[in-house]
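K.L.:
Position chains B and C relative to chain A; hints supplied.
Residues per chain, in single letters:
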Amino acid sequence: MIKAVVDNLKGLWSLVVGLSVTGRFFLSPQKTVHFPRDVVGPEILESFRGPLELVPADDQGGSKCISCQMCARACPGDCITVVKGDAGKAPKEYKYDFTLCCLCAACVESCPAGAIRFSHRVYMVARSREELRLDLLADLRERCGLEPAPAPAPADKTKAVA
Amino acid sequence: MDLSIANFAQIIIACLLVIALMVGNAVVMVYVERKACGFIQRRPGPYEVGPRGILQAVCDSMKLLGKQIYVPGNIDWILYFLAPVLAFFPVLLLYLPIPFGRHLTAMNVDEGILLILAFSGLGVVSNILAGWASNNKYGILGAARAVSQAVAYEIPMIMALLAIVFLTGSLSLTEIVERQGSWPWQWNIVVQPLAFFIYLVSLVGETNRAPFDLPEAESELTAGFHTEYSGMGFALFFLSEYANMLLVSFVCAAFFLGGYKGPFMDGFWWMFIKAYAVMVFIVWIRWTFPRVRFDQLLNINWRWLLPLSILNLWVTAVIVRFI
Amino acid sequence: MNSLNFINPFGVSEDPGSYVGDFYTDNFAKGAGEGTLILNLGPQHPSTHGVLRVIVELEGEYVVRAEPVLGYLHRMHEKMAEVKTPWQYIPNMGRVDYLHPIAWNWAQVGACERLAGIEVPERAEYLRVVSCELNRISSHLMWWGAFVMDLGGVTPILYAFEEREKINDILQIVTGSRLTMSYFRFGGVSADVDDRFVRLTKEFVPYLRERLKMYKALVTDNVILRRRLEGVGPMDADLCRRHGATGPILRAAGLKRDTRTDAPYGVYHKFQYNVPTGPSDDCLGRYMLRLAEIEASLDIVEQAMGSLPPGPVRIDKAPKAGWKLPAGETYFAVEGARGQVGVHLVSDGGKNHYRVKLRAPGFSNLSLFAEAARGVLLADAIAILGSLDLVIPEVDR
Numbered sequence: 001m002i003k004a005v006v007d008n009l010k011g012l013w014s015l016v017v018g019l020s021v022t023g024r025f026f027l028s029p030q031k032t033v034h035f036p037r038d039v040v041g042p043e044i045l046e047s048f049r050g051p052l053e054l055v056p057a058d059d060q061g062g063s064k065c066i067s068c069q070m071c072a073r074a075c076p077g078d079c080i081t082v083v084k085g086d087a088g089k090a091p092k093e094y095k096y097d098f099t100l101c102c103l104c105a106a107c108v109e110s111c112p113a114g115a116i117r118f119s120h121r122v123y124m125v126a127r128s129r130e131e132l133r134l135d136l137l138a139d140l141r142e143r144c145g146l147e148p149a150p151a152p153a154p155a156d157k158t159k160a161v162a
Numbered sequence: 001m002d003l004s005i006a007n008f009a010q011i012i013i014a015c016l017l018v019i020a021l022m023v024g025n026a027v028v029m030v031y032v033e034r035k036a037c038g039f040i041q042r043r044p045g046p047y048e049v050g051p052r053g054i055l056q057a058v059c060d061s062m063k064l065l066g067k068q069i070y071v072p073g074n075i076d077w078i079l080y081f082l083a084p085v086l087a088f089f090p091v092l093l094l095y096l097p098i099p100f101g102r103h104l105t106a107m108n109v110d111e112g113i114l115l116i117l118a119f120s121g122l123g124v125v126s127n128i129l130a131g132w133a134s135n136n137k138y139g140i141l142g143a144a145r146a147v148s149q150a151v152a153y154e155i156p157m158i159m160a161l162l163a164i165v166f167l168t169g170s171l172s173l174t175e176i177v178e179r180q181g182s183w184p185w186q187w188n189i190v191v192q193p194l195a196f197f198i199y200l201v202s203l204v205g206e207t208n209r210a211p212f213d214l215p216e217a218e219s220e221l222t223a224g225f226h227t228e229y230s231g232m233g234f235a236l237f238f239l240s241e242y243a244n245m246l247l248v249s250f251v252c253a254a255f256f257l258g259g260y261k262g263p264f265m266d267g268f269w270w271m272f273i274k275a276y277a278v279m280v281f282i283v284w285i286r287w288t289f290p291r292v293r294f295d296q297l298l299n300i301n302w303r304w305l306l307p308l309s310i311l312n313l314w315v316t317a318v319i320v321r322f323i
Numbered sequence: 001m002n003s004l005n006f007i008n009p010f011g012v013s014e015d016p017g018s019y020v021g022d023f024y025t026d027n028f029a030k031g032a033g034e035g036t037l038i039l040n041l042g043p044q045h046p047s048t049h050g051v052l053r054v055i056v057e058l059e060g061e062y063v064v065r066a067e068p069v070l071g072y073l074h075r076m077h078e079k080m081a082e083v084k085t086p087w088q089y090i091p092n093m094g095r096v097d098y099l100h101p102i103a104w105n106w107a108q109v110g111a112c113e114r115l116a117g118i119e120v121p122e123r124a125e126y127l128r129v130v131s132c133e134l135n136r137i138s139s140h141l142m143w144w145g146a147f148v149m150d151l152g153g154v155t156p157i158l159y160a161f162e163e164r165e166k167i168n169d170i171l172q173i174v175t176g177s178r179l180t181m182s183y184f185r186f187g188g189v190s191a192d193v194d195d196r197f198v199r200l201t202k203e204f205v206p207y208l209r210e211r212l213k214m215y216k217a218l219v220t221d222n223v224i225l226r227r228r229l230e231g232v233g234p235m236d237a238d239l240c241r242r243h244g245a246t247g248p249i250l251r252a253a254g255l256k257r258d259t260r261t262d263a264p265y266g267v268y269h270k271f272q273y274n275v276p277t278g279p280s281d282d283c284l285g286r287y288m289l290r291l292a293e294i295e296a297s298l299d300i301v302e303q304a305m306g307s308l309p310p311g312p313v314r315i316d317k318a319p320k321a322g323w324k325l326p327a328g329e330t331y332f333a334v335e336g337a338r339g340q341v342g343v344h345l346v347s348d349g350g351k352n353h354y355r356v357k358l359r360a361p362g363f364s365n366l367s368l369f370a371e372a373a374r375g376v377l378l379a380d381a382i383a384i385l386g387s388l389d390l391v392i393p394e395v396d397r
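The listed protein sequences correspond, in order, to chains A, B and C. Under the working numbering, residues 1 to 162 are what the first sequence spells out, in order. Under the working numbering, residues 1 to 323 are what the second sequence spells out, in order. Under the working numbering, residues 1 to 397 are what the third sequence spells out, in order.
Certain hints may be false.
No farther apart than 30 Å at their CA atoms in a straight line, the calculated lysine-lysine pairs in the DSSO-like style are these [said to hold, decoys possible]: (1) A/Lys10 <-> C/Lys79; (2) C/Lys256 <-> C/Lys270; (3) A/Lys95 <-> C/Lys256.
Here are some chain A residues the structure puts well away from chain B; computed CB gaps all over 12 Å [stated by the list, open to error]: (4) Lys10; (5) Ser14; (6) Ile44; (7) Asp97; (8) Leu100; (9) Val108; (10) Leu132; (11) Arg133; (12) Asp139.
Just a sample of chain A residues kept apart from chain B, beta carbon distances all over 12 Å, derived [claimed, not checked]: (13) Pro42; (14) Ile66; (15) Cys68; (16) Pro112; (17) His120.
Simulated from the structure, these hints should not be mistaken for lab results. Remember, it's a predicted structure, so these values are computed and weren't measured experimentally. Glycine residues also receive a C-beta, built at the ideal position from the N, C-alpha and C atoms.
Bound conformation, chain A alone (with noise of 0.2 Å):
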């Protein structure tokens, strides 16, 4: 009997113990960062994998692959397509599908030539499947400034229903 009593009293030291945890908590300093108005370190970015990106070869918009197709029969997902250009090595086309990509890096490493390596677009939106279809010629030349950013889709409902 005492005993219970004891042990009962200990039990609601520790309810004490525990309301002064949070209790502390309650007045310390928040963790979130709110994302709008705040955002993360660089350096947590840094390592981020966003979708592919090609390296830039020169400021002219050129990139460095040379359509060996290694990435695309690499790629567990199938995610990957180039097409050859007609003169030289340099791609006419190179497709890439970011729904299905599951960033596992066998693209980068499998890449002969260096040409492509992970972007750290952590803020990336898209409102429709077909925006995150990317054409990454396109992407750089246009992260070169020869092309302007394409306005961004209106949101067309009655398409996106049918």
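P.N.:
Here is chains B and C on its own, set in the frame of chain A:
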């Protein structure tokens, strides 16, 4: 008490004020609860709607109003829709004898606490109806839990309050407050700390708040007796939960914490400050502790709170009688 | 159904017995006793952590029988191996068990390396140990929070997430992702650590030790939690043996079985760490054991970071994406956060695997539930389910 027109009008006005208080309280408490929970968990809580998220509760209530009321199949229609209403309306009555000042009472009845205790039992009827009528197994389990819990926790609650009644010699809340002084050491909590503790525990049990929220235990019964309620049906349960919480906090303030009396200046603001302090404490323990198991919940009550409260009552009676 | 009720507004179900469940419920109902209630917990239930479905037969609040129903998250990982090259299969491993992906990485990569006879550079072995143990800690932290949430305490999981985010920050530096990591490569690891990784890891170890004291004060010592867990759901060594339970459940039952020491792989033999066992085979024992394991893992991380050898992190001429496995058959097991993670791999020398069998510890551990939950309260059954530390994607694969 004479039932003159003036008296009747007074009660009507009081009822309207009480409804306003209940809704306002729910709005405030939603914000307070979510903010407190957020701060405890080191996040800001509601932040985007209005400055610092003040309008969040308004948005929530708008959402609840606008939601489709999804009615499950094979329910008992009358009871299903009666239950939320039954949960909400008896609470109105309970606010009438609460004193906010010496003469600021909706209905100054001599047996105020008796009225509150008698009608607060109605709340559980709505729980069992809700659980039973919604044709849901979780609902039935929740309703069964709600009943045994409410029955169990009402007894030590009454015993604890009875000790104060013995001391004061009156069932009127105004009288009980009047017998306490303005300063904390003149309050009943100093004379009756055990009764206060018992009341505080059974208050959490009575209002079905964590760690005693077994009728709606989320991780076990999804939402317990109100699993199948959506939209306004759920909102009424929600409203009555907070209204009940406020009520027991008012009673706690009146019985143990000196009611509307306080240092420097007496007045209804003290009543609100004290009641909301109790509410914040309830919120605080909700976000700190895990939930007890059902047999433990009843064990705490029958094996500890009840004998303790009887002992407390007996000692109080002896002291009052002979000293 | 609804319109019928509008016509007949007072209609309660005319024949409640006519309700027909699905195949599993009907099959389960055949063995039901008189006056019992059959309740489907899940597949969408707050405490089944995803899409586990448990059919329970309740008598009042007591569980008479319980039967888990699996397959709601079956994603054919084993079948996918037959159409993927070994390299392409590594990312799959991060998705099998999203809480401890590195262990699965290790199991798959280790099996291929064993079959092909690839030696791994020492620095890579150290990094494998560090990342695997950090990941184990984060998995246990996640379990800790989710378990307390099952018991009704919502706040601790958010504290656990604070530490988890720190571990994610650390592991993101080398793996590039925060959840479904694929860090291991045949013959090493994908990336070397940088100064930031070393600094953050060295800061993290004492930080977590400090935080574990807070965990103890807030949760472990809490009287409500202790009384919820003490003596609930005992799983003795015999029960564990019959169902093939591994990992913390088996060790809590008092058996010192840990793949890291029983069948050493990597460089675990170089570190001094204790394999905790006990203290009891009930839910509280499993709870205490996992917290003790966090500390043991911290010891390993500390030692490994202290003696990180220089050198390459991958062998020269490491296998590329199109690499073919030599023909043969092998089994490689590592100790995951939930128990023994094994990959049984058969290759016919072709481009893809011939067959891969994944041994998921959660699958065996879940099979203890039906027996352990017999005759307990519903709330205890939830506690037992939580103490098994199930990750449903891993159970269903």
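K.L.:
Look at each hint and say if it fits the structure.
P.N.:
To see whether the hints hold, each was checked on the structure:
{"no.": "1", "hint": "A/Lys10 <-> C/Lys79", "in the structure": "violated (55 Å)"}
{"no.": "2", "hint": "C/Lys256 <-> C/Lys270", "in the structure": "holds (19 Å)"}
{"no.": "3", "hint": "A/Lys95 <-> C/Lys256", "in the structure": "violated (53 Å)"}
{"no.": "4", "hint": "Lys10", "in the structure": "holds (14 Å)"}
{"no.": "5", "hint": "Ser14", "in the structure": "violated (10 Å)"}
{"no.": "6", "hint": "Ile44", "in the structure": "holds (19 Å)"}
{"no.": "7", "hint": "Asp97", "in the structure": "holds (33 Å)"}
{"no.": "8", "hint": "Leu100", "in the structure": "holds (33 Å)"}
{"no.": "9", "hint": "Val108", "in the structure": "holds (36 Å)"}
{"no.": "10", "hint": "Leu132", "in the structure": "holds (27 Å)"}
{"no.": "11", "hint": "Arg133", "in the structure": "holds (32 Å)"}
{"no.": "12", "hint": "Asp139", "in the structure": "holds (32 Å)"}
{"no.": "13", "hint": "Pro42", "in the structure": "holds (23 Å)"}
{"no.": "14", "hint": "Ile66", "in the structure": "holds (49 Å)"}
{"no.": "15", "hint": "Cys68", "in the structure": "holds (49 Å)"}
{"no.": "16", "hint": "Pro112", "in the structure": "holds (47 Å)"}
{"no.": "17", "hint": "His120", "in the structure": "holds (25 Å)"}
Checked against the numbered hints above, the structure breaks hints 1, 3 and 5 and satisfies the rest.
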